[in-house]
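Visitor: Residues per chain, in single letters:
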Amino acid sequence: MEWNFAPVLGSMDILLLGLLNTLKVTGLALLFGVPLGLGLALSRLSQMRILSMVAAFIIEFFRTTPPLVQLFWFFFAFPILFGVNMTPFTTAIVTFSIQSSAFFAEIFRSGIQSIDKGQWEGSKAIGMTRNQTLRRVILPQAVKRMIPAFMERSIELLKTTTLVSTIAYTDLMYQANDIAQRTFRPLEVYTVIAVIYFLLIFVFSQLSIVVERRLAKSGEGTVH
Amino acid sequence: MTELVKVKNLHKSFGTLDVLKGINLTVEAGETVVLLGSSGSGKSTLLRCINFMETPTEGRVYLNGEAVGDDVNGKMRYKEADLCKLRSRIGMVFQHFNLFPHMSVLQNVMEGQITVLGRRQEEAKDKSMAQLQRVGLAEKASEYPSRLSGGQKQRVAIARALAMDPEVMLFDEVTSALDPELVGEVLKTMRQLAEEGMTMICVTHELGFAYHVANRVLFLNQGEIHEEGQPQALLKTPKTQRMREFLDGHALFKLPE
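Quick mapping for you: the protein sequence lines, in order, are chains R and Z.
One point on numbering: in the numbering used here, the residue at position 180 of the first sequence is 180, and numbering is uninterrupted.
One point on numbering: in the numbering used here, the residue at position 90 of the second sequence is 90, and numbering is uninterrupted.
To be clear, the hints were calculated from the coordinates, so they are not data collected in a lab.
All of these numbers come straight from a predicted model, not from anything done at the bench.
Careful, some of the hints might be misleading.
[Stated by the list, open to error] Looking from chain R toward chain Z, a few residues come up when the C-beta cut is under 7 angstroms (computed): (1) A125; (2) T129; (3) R136.
Backbone N, C-alpha and C define an ideal beta-carbon position, used for all residues, glycine too.
Please construct the entire structure, taking both the sequences and the accompanying hints into account.
Guide: Shown next, in the form of structure tokens:
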């Protein structure tokens with residue numbers, strides 16, 4: 001066995017395009033998934049029974065089904081049901097926005113519920129409504145506590161997006177498969193993309209450690 | 001004298017537990033009323049029913065002559081917006097302060113004025129500084145609550161309530177979570193408020209405060225007003241056996257004169 005990186009390095013532009021698409025899917029899934037997750041969390045915590053049950057069902061459904069099944073469902077089943085054409089790109093965005101929103105909803109919910117009930121009482125006593133309390137008092141404190149879990153989940157999302165290669169979306173994984181088949185160099189190709197994923201996620205998680213430290217230092221950790 | 005707060009035949013149950021069993025109470029403008037009673041007597045629940053932190057099971061509450069809620073065929077209906085409005089007119093201070101830890105002292109005092117009353121930034125700031133001055137904490141305006149002592153936190157909580165220009169103030173065991181040496185500064189602030197003519201209803205275990213500051217003391221027992229009267233008479237010579245026991249419990253380890 002001998003290593004020959006030349007064919008892979010010659011296709012570096014293709015890999016970089018794949019990396020860009022991977023980041024695009026991850027970024028857009030975050031962009032839609034986070035607000036959607038907040039909406040689901042607030043619905044789940046709502047005092048309206050039906051709204052809460054519907055939100056709970058959506059959250060549980062997308063947390064308990066395999067992401068690959070969801071992806072195939074949106075790609076193959078959804079178009080039959082609704083007569084719309086789903087490109088690999090829209091399928092990827094739709095699937096991962098909803099899938100990650102279910103996880104973000106749970107992060108939001110536990111963040112909101114971790115805030116001392118005295119904060120609700122104090123806000124209520126000066127005449128604030130439930131929504132005002134959430135926006136001004138509860139969420140600003142909850143979001144801070146959620147950041148580690150949020151970072152963790154984003155990393156998980158980045159890794160899960162490799163599944164989009166199975167519906168022929170040209171992410172990093174798909175491009176690697178493509179190059180491996182054309183150059184007969186799976187060893188070098190998959191080693192290179194493993195290193196790329198490692199570097200990407202390593203840098204991101206180091207960044208999250210810095211953010212966490214900064215937050216811990218800013219104090220105000222005490223509730224009262 | 002105007003009747004500022006009036007409570008008529010107030011009942012409150014939690015499930016099968018009847019905490020309040022028909023309370024009638026009238027508080028006039030400028031009065032300081034102290035509620036005494038052992039734990040579970042319903043004194044905190046009564047206080048929390050006045051500003052609808054808890055919704056009464058039965059009975060009516062009046063603020064400044066206006067009834068709270070709408071009578072729909074004998075059943076009371078309360079709109080959330082009306083209750084928020086009501087709470088903005090009644091100040092409440094808690095045992096555990098409930099300050100907002102992510103806001104500075106000044107922001108804590110400004111928050112309700114801006115979010116609830118819609119006051120302008122400048123006006124809210126001036127008002128907040130005046131109230132912080134009143135409780136002696138103007139120099140702490142830019143600190144965060146975590147940097148304050150318990151007594152200071154409680155005085156900020158009082159300033160936060162006062163900044164809303166409340167018609168009446170409710171104090172729910174506000175010194176119970178404090179170190180003994182910090183109790184005095186909070187009681188002093190409350191006394192000053194009472195002397196300035198604020199209408200106050202206080203749940204407390206500080207008998208000395210009741211004796212020196214209250215116009216009227218109510219002793220609650222098992223969800224009913226068991227005894228009431230002028231503090232000097234009531235605390236020295238209670239009429240009932242139950243209240244005597246309660247007072248003896250408080251005086252068990254008194255220092256010799």
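Visitor: Each hint should be assessed against the structure and marked as holding or not.
Guide: Going down the list of hints, with the structure as the test:
Proximity of A125 of chain R to chain Z holds as hinted, the smallest CB-CB distance being about 4 angstroms (cut-off 7 angstroms). The closest approach between the C-beta of T129 of chain R and any C-beta of chain Z is roughly 5 angstroms, which is under the 7 angstroms cut-off, so the hint is satisfied. A distance limit of 7 angstroms between C-beta atoms decides the matter here; for R136 of chain R the minimum to chain Z is near 6 angstroms, and the interface restraint holds.
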